[in-house]
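So the chains spell out like this:
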Amino acid sequence: MTVDTNTVRKVAKLARLAVPEERLEPLTAELNGILKWIEQLNEVDVAGVEPMTSTVDMKLPMREDVLQSGPTGGGQPDNVVANAPKTEDHFFVVPKVVE
Amino acid sequence: MSSITDLTLAELRDALKAGKVSSLEAVDAYLGEIEKARALNAYIVVTADRAREMAKASDAKLSKGEGGPIEGVPLGIKDLFCTQGVQTTAGSHILEGFVPTYESTVSANLWRDGGVLLGKLNMDEFAMGSSNETSYFGPVINPWRAKGGNARLTPGGSSGGSSASVAAHLCAAATATDTGGSIRQPASLTATVGVKPTYGRCSRWGIVAFASSLDQAGPIARDTRDAAIMLRSMAGHDPKDSTSVNQPVPDYERSLGASMKGLRIGVPKEYRIDGMPAEIERLWADGVKWMKDAGCEIVEISLPLTKYALPVYYIVAPAEASSNLARYDGVRYGHRAKDFADVQSMYANSRAEGFGKEVQRRIMIGTYVLSAGYYDAYYLRAQKVRKRILDEFNDAFKKVDLILTPSAPSAAFALGEKSNDPVQMYLNDVFTVTANLAGLPGASIPAGLDSRGLPLGLQLIARPFDEETMFSGMYALEQAANFKARPERWWA
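So the sequences go chain by chain: A and B.
Read in the numbering used here, the first sequence has 44 at position 44, and its numbers run on one by one without any break.
Read in the numbering used here, the second sequence has 156 at position 57, and its numbers run on one by one without any break.
Among the hints, erroneous ones may be present.
[To be verified] Covered by chain A, per the in silico footprint, the following chain B stretches (three or more residues, Cβ under 8 Å): (1) 456-463; (2) 476-487.
[Unchecked claim] Lysine to aspartate or glutamate pairs mimicking EDC-like chemistry, simulated, CA-CA at most 16 Å apart: (3) 406/B / 43/A; (4) 486/B / 57/A; (5) 406/B / 45/A; (6) 486/B / 45/A; (7) 155/B / 170/B; (8) 96/A / 438/B; (9) 406/B / 39/A; (10) 59/A / 195/B; (11) 497/B / 396/B; (12) 339/B / 64/A; (13) 339/B / 65/A; (14) 456/B / 30/A; (15) 486/B / 50/A; (16) 96/A / 441/B; (17) 583/B / 322/B; (18) 86/A / 438/B.
Since the hints were made in silico from the structure, they are not lab data.
Computed from a predicted structure; not experimentally measured.
All C-beta atoms, glycine included, are put in the ideal place defined by N, C-alpha and C.
So that you can see chain A by itself, here it is in the shape it has in the complex (with noise of 0.2 Å):
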């Protein structure tokens, strides 16, 4: 399988990344080279096989549905917001989004 400058554009769409047009035609080169080396992955037989999901044989640990202590815990609205580019009050500042 291989991409074209649309595929790619809309790629870059999805991914949230701004792609200038001219350099839509060698980032598509680039994928189809690396897309390309990645298909030898049909030569093998996996009729049956399940899709591993985890390199660790365990159960996903639970634990009590309660606020926890700490840098995870609640709180602490100057450390959430200590490293946002624009904020107001403890809020995330952004574009307006609705009209």
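We have chain A; now place chain B onto it with these hints.
Here is chain B on its own, set in the frame of chain A:
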């Protein structure tokens, strides 16, 4: 006594405990070396003030006969580990200026045990690379040069700052991470010891995520003993990482020197790949002989799916990365573009400006293989092949206790030599990536020099959570190889 920075971690630990040297003296010695080695570009940030503060606190404990297992030992931390109050960038422009308000579990474990933070080590952007050339902060330079040449060589990647700083004695040891070979390949290229433990052994909490089912932290150190000491402190169960395994952490140092008699060493014929330099093949044969001399039984094994491991990786890792890196949107942290028309273009412009070329390439591949209509053909198929690779290893480990292979298909190469061809660069991880896919522990140890005087490593792979046998094997190889070469200090 030789210079403080030439002591191994174990020697420095003992000298500190015996009061022969203070942590502050050690920190100042290292800061001096780091200053002289700016040309290597190993550190993104040097935390001199914090290092001295931590050293003084350690010295106070040591003077009372107190302190943890590595009290007062100066360490470098790969810039993928979040460090509270110290910039953490993952080698990316998008995280430039990001100062975490929390500490990663692995680094916190090191501080608990007495480690001292010297600074944050350079790396490939988001750990995506094998040469350190994708770092926004410029490539790290390998302390090793070819005989008679002065070309700048790669220290490997993605943990190139870790490997270079350990090789050049700019820290006693360093943390690193390994998603497809990012600990073992740089260790091989710099004559250092790199250990990727079993998936789940070290907590991933607070480590900037690349590919969550493959990422695992581990040490890069000067020898096997130092790596054993580091891993013991780094590892441990952490409820904040749901894949962290609740198993006691052994004292790996005790495994060094254990008898190798009767251990079965697997030699997989599929790791003899086309185009591999004869010197690497010879070194591998030396390794086999060393193991035999140590009393091991050598068993030829077959892992026929080996050649499919890299293609599997280049579906699974970009898929997970495209999802993990979706969080960089210019809203909660990281770079935000100045020019945009609306919220969508703010996301797209911020990400285009903040991510480098290789990271964008992998996000694109990952988004594509997960997109509607292609998921089954690419991602699902890759996860099935991955399962078969795991089964292949499980079968092999019924017949052998350890697997011995070369660590990397070449010695250190020149900067720029492979950066224009992504697939050529990806092939660096051909021997290491299998252990990530199967979640197995793997380690690289320096075993010899090639004809140009550049280091080559050998890799051991062990059963899940059997790092102890791996450390015994590493120590046996180390004793037999008796590798003593050091790079010339051209940078100082």
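Structure-based check of each hint:
{"no.": "1", "hint": "456-463", "in the structure": "holds (count 4)"}
{"no.": "2", "hint": "476-487", "in the structure": "holds (count 11)"}
{"no.": "3", "hint": "406/B / 43/A", "in the structure": "holds, 11 Å"}
{"no.": "4", "hint": "486/B / 57/A", "in the structure": "holds, 13 Å"}
{"no.": "5", "hint": "406/B / 45/A", "in the structure": "holds, 14 Å"}
{"no.": "6", "hint": "486/B / 45/A", "in the structure": "holds, 12 Å"}
{"no.": "7", "hint": "155/B / 170/B", "in the structure": "holds, 11 Å"}
{"no.": "8", "hint": "96/A / 438/B", "in the structure": "holds, 14 Å"}
{"no.": "9", "hint": "406/B / 39/A", "in the structure": "holds, 12 Å"}
{"no.": "10", "hint": "59/A / 195/B", "in the structure": "violated, 37 Å"}
{"no.": "11", "hint": "497/B / 396/B", "in the structure": "holds, 14 Å"}
{"no.": "12", "hint": "339/B / 64/A", "in the structure": "holds, 13 Å"}
{"no.": "13", "hint": "339/B / 65/A", "in the structure": "holds, 14 Å"}
{"no.": "14", "hint": "456/B / 30/A", "in the structure": "holds, 11 Å"}
{"no.": "15", "hint": "486/B / 50/A", "in the structure": "holds, 7 Å"}
{"no.": "16", "hint": "96/A / 441/B", "in the structure": "holds, 7 Å"}
{"no.": "17", "hint": "583/B / 322/B", "in the structure": "holds, 11 Å"}
{"no.": "18", "hint": "86/A / 438/B", "in the structure": "holds, 14 Å"}
The structure shown violates just one earlier hint, number 10.
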